Amino acid sequence: MNFSPTKQQEMVRRMVREFAVNEVQPIAEEIDAEARFPQETIDKAGPLGLMGMPFPEEYGGAGADYVAYVMAIEELSKVCGSTGVIIQTHCALCAWPIMTYGTEEQKKKYLPDLLTGKKVGAFGLTEPNAGSDAAGIQTRAVDMGDHWRLNGTKIFISSGGVADTYVVMAMTDKSKGTKGITAFIIEKGMKGFSIGKKENKMGIRGSLAAELVFEDCIVPKENLLGELGKGFKVAMSALDVGRLGIAAQALGIAQGAFDQTVAYMKSRKQFGKPLHKFQALAFEMAEMATRIEGSRLLLYKAADRRQKGLPSTVEAAQAKLSCSETAMYVTTKAVQFHGGYGYIKDYPVERMMRDAKITEIYEGTSEVMKMVISGDIFK
Amino acid sequence: MKIIVCVKQVPDTNEVKIDPVKGTLIRDGVPSILNHDDANALEEALRIKDQYPDTHITVLTMGPPQAKDMLTDCLAMGADEAILLSDRALGGSDTWATSNALAAGIRKIGDFDLIFAGRQAIDGDTAQVGPQLAEKLGLPQVTYVKEFSFNGRDITVKRALEDGYEVIQLQMPCLLTAIKELNKPRYMPVKGIYKACEKEITVWNAKDINVDLKKVGLEASPTNVHRSFTPAPKGKGIMIDGDSPKDLADKLVAKLKEKHII
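If you read the protein sequences in the order shown, they are chains A and B.
Heads up: the first sequence begins at 1 in my numbering, then just goes up one per residue.
Heads up: the second sequence begins at 1 in my numbering, then just goes up one per residue.
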């Protein structure tokens, strides 16, 4: 058992921390307030390899390992949860399924631009009547002989409208339930594909979420991803990778709020002494630090297992459950310990608390995580 | 083109600890980084390489074995090769002795067109090693370089002065020292990090560089640190309260007179 990061992982963390502090933190408040996609960050992150970390160099990836990848998402999310999720969604839910299930032609066509950040990727599974219950999706793909015709609507799609490449799930045979779902690669500009309502969200406001609308959308035959009827597997396996990213995002938000609170408690004086001299508060910080570190170990273990090619579905679910609930717990306390200042937008903990909430919901709610974990216990 | 960039590993903190006996820095336990001005020097070399891909960049440093970490950072940023001069005989060198060792290292490398160094290191703040190195190697030098251009043959630089700048054209081989205004150093790309960690760093001892042992190390250094200390922090400033600007100005003038400043 080895709990020490490799030299590469340490260097990646140090580089991303520097990048996050210099390039991401200065605009974090602004992109939240204006609900603006930070394209300038993507433009800078691409050449550094941050848009394609755990992917082979052959397709434009950086050739990094999954532990370094989650560390990078964690460091970005310490200062900006929006930036963390933009990059994780792009990597785990768009580039990863293309890398894993794509044909050589698809990989060569889509990955080089995605992995270098020239294009942004997104993922479309959720629908108004199909959230956690993916089997209920109503978007239909009909084989028209020389092309597929898609009709339906996807909602809450992260980077919807901003992204150029989408991995979208559609029903090709309703009678087969989840075995009737197929994955497709959809490109911005395809005939019949448009962006609908843009959501006004509580948090991660720099990561735009929008509706994807397919009205007799013409999709070339070669854009079917993986096998016919195997879309559910594409989606679920991509979400396993996505959960590592969301856990990392949540962990980063928790650590960021924790660090802010430590600094605040050292400088803020009440009743003649700094806040950290009050044992009730200091003990609470000890509790937070312990939960953060425990969550971090779960996450790094899950990432390490994926890197080694070992089963990691349960570990990723445990990491996501622990990291996201820790993020909500820590950010809520962080706001509390900042008192009135925590509730106003002058301090970042207000934004961090709003950003934390979604980590308990998307890419599988905490309840779905418990279904995955308990399903394994009682299998 | 062949470029040598001289770099230094420096402590990454304002809370450096000082050896009370020797008066030198205690480096153990203090995180180390690439000296800031040296990062600018390396960045400029990398920009030449971006433009002329057949450029070969060697980073050179003198220091303890831990300095390899900083050299790995330089390789991750894009340098081709890294050389560490490391030997107990070189320890405790002042600027004169350091430039003797570096000059010997550069003579061993042999072939180069351009040497870049940072203006000065944040630990010693002497700004002497670059110029000394140029003198010992018999090279033309320009210090405080804030702008650099290269047309494939000649180099034109702007040298920062306190109240302006000089434009200087020079031919290679030469030595330039960089200041932070020169550029913004790049981040280490992820791919560069993974590649750098697999690269070997060349380590040369005093014998390898054939340096005169009477001209390196603590004993040979003509500079003696008399005393190092942390300056006492300034006391709290005085805040002047007043009802109007006139009132504030009156109080300020009275204070300045009281202290015989005006």
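It should be emphasised that the hints constitute simulated quantities derived from the structure, not laboratory data.
Predicted model only: the values in this text are computed from it and were never measured.
Note that beta-carbon positions come from the ideal geometry of N, C-alpha and C, so glycine has one too.
Just to be clear, a hint being listed does not mean it is correct.
Some chain A residues well away from chain B (every beta-carbon gap over 10 Å; in silico) [unchecked claim]:
#, residue
1, Ala135
2, Gly136
3, Tyr264
4, Ile292
5, Lys308
Reference listing, derived: stretches of chain B covered by chain A, where coverage requires no fewer than 3 residues with Cβ under 8 Å from a Cβ of chain A [said to hold, decoys possible]:
#, region
6, 146–160
7, 180–191
Far from chain A by the CB rule (all over 12 Å, computed), these chain B residues [claimed, not checked]:
#, residue
8, Pro31
9, Ile33
10, Lys49
11, Ala103
12, Leu137
13, Asp163
14, Tyr165
15, Glu166
16, Lys195
17, Ala196
18, Glu198
19, Ile238
Each hint, compared with the structure:
| no. | hint | in the structure |
| --- | --- | --- |
| 1 | Ala135 | 38 Å, holds |
| 2 | Gly136 | 39 Å, holds |
| 3 | Tyr264 | 21 Å, holds |
| 4 | Ile292 | 22 Å, holds |
| 5 | Lys308 | 17 Å, holds |
| 6 | 146–160 | violated (count 0) |
| 7 | 180–191 | holds (count 5) |
| 8 | Pro31 | 10 Å, violated |
| 9 | Ile33 | 9 Å, violated |
| 10 | Lys49 | 15 Å, holds |
| 11 | Ala103 | 31 Å, holds |
| 12 | Leu137 | 33 Å, holds |
| 13 | Asp163 | 30 Å, holds |
| 14 | Tyr165 | 27 Å, holds |
| 15 | Glu166 | 31 Å, holds |
| 16 | Lys195 | 9 Å, violated |
| 17 | Ala196 | 8 Å, violated |
| 18 | Glu198 | 9 Å, violated |
| 19 | Ile238 | 21 Å, holds |
This entry does not satisfy hints 6, 8, 9, 16, 17 and 18, going by the numbered hints stated previously.
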